[in-house]
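Just so we're aligned, residue 764 is where the sequence shown starts under our numbering, counting upward by one.
In short, the hints are calculated from the structure, not lab data. As the structure is a prediction and not an experimental result, all values here were calculated from the model. Among the clues, some could well be false.
Across the chosen pairs, the derived CB separations fall in these ranges [as the list claims (entries may be wrong)]:
#1 T791 with R957: 52 to 58 Å
#2 V871 with L941: 45 to 51 Å
#3 Y803 with L954: 28 to 34 Å
All C-beta atoms, glycine included, are put in the ideal place defined by N, C-alpha and C.
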Amino acid sequence: MAELAMDGANPDVSLLYDINGLAKSAPTWFDRVMEFVGEYGILLALVLVVLWCWWSLRRREDRDSAMSAVAALVWAPLAAGIALLVNIPIRGFVERPRPFVDHKGLDVLVDGKTDYSFVSDHATLAMAIGAGLFVAHRKFGAVAIALAIAEGFCRVYMGVHYPTDVVGGFALGTAVALLLAPLALLLLTPLVSRIARSPRLGRLVRSRRAGTASLRLAVDLPESRAGKGSGPGKGAGTGPGENDLAA
């Protein structure tokens, strides 16, 4: 793969120069922004999306739905960690140098990158979180996947990865997150269920407001049915005996 990358006619190299060429024509301050965003910013944004999703899921009125969704949410960062571990032997096997090692004229925004290029750790981690989050909540997952795609673009823009490094990271992160999800949820859901029953840790899975809303729904529902059945011509009484019977 490294030999292919050295070929100037390779579309991978051509796309690398096209995307990284944007950095040469951009102002210095914009390159600094892209450097921060590509190195740290998008990963921090993914953490915020995960926390926002958790805050939303734990307020669901359906207890079983909340527990299964939180279990899927817990799987997202675990999937990212596993994907990074899987990437270690892949990098050692492929041994693809960084783009700036074999290609001159690139505008490299980050110094000190001496490890191998394939597969991109940042792209792998970001897409694993995005795919895992999509299992828990589609809307938040779609946002996370969009951030992962932006992360991949930034890595090429910064001159530290080939486009195929990024695509390989996307594929690895998605595969780990989705293929191992059934087994992970089978193990995590009972654990999350136990935490939900804990007096101290239960709030991590279910908020108090969600429990109160469920209780109100359970109490109000029979009363509303009783109210619909009463009225002239239906022979329903309004005394306490009828309300108790409906309940």
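Hints versus structure:
1. T791 with R957: 52 to 58 Å: Since T791 and R957 have Cβ atoms about 53 Å apart, the given range 52 to 58 Å holds.
2. V871 with L941: 45 to 51 Å: Once the Cβ atoms are compared, 33 Å apart, the range 45 to 51 Å for L941 and V871 is violated.
3. Y803 with L954: 28 to 34 Å: holds, 31 Å
Checked against the numbered hints above, the structure violates only hint 2.
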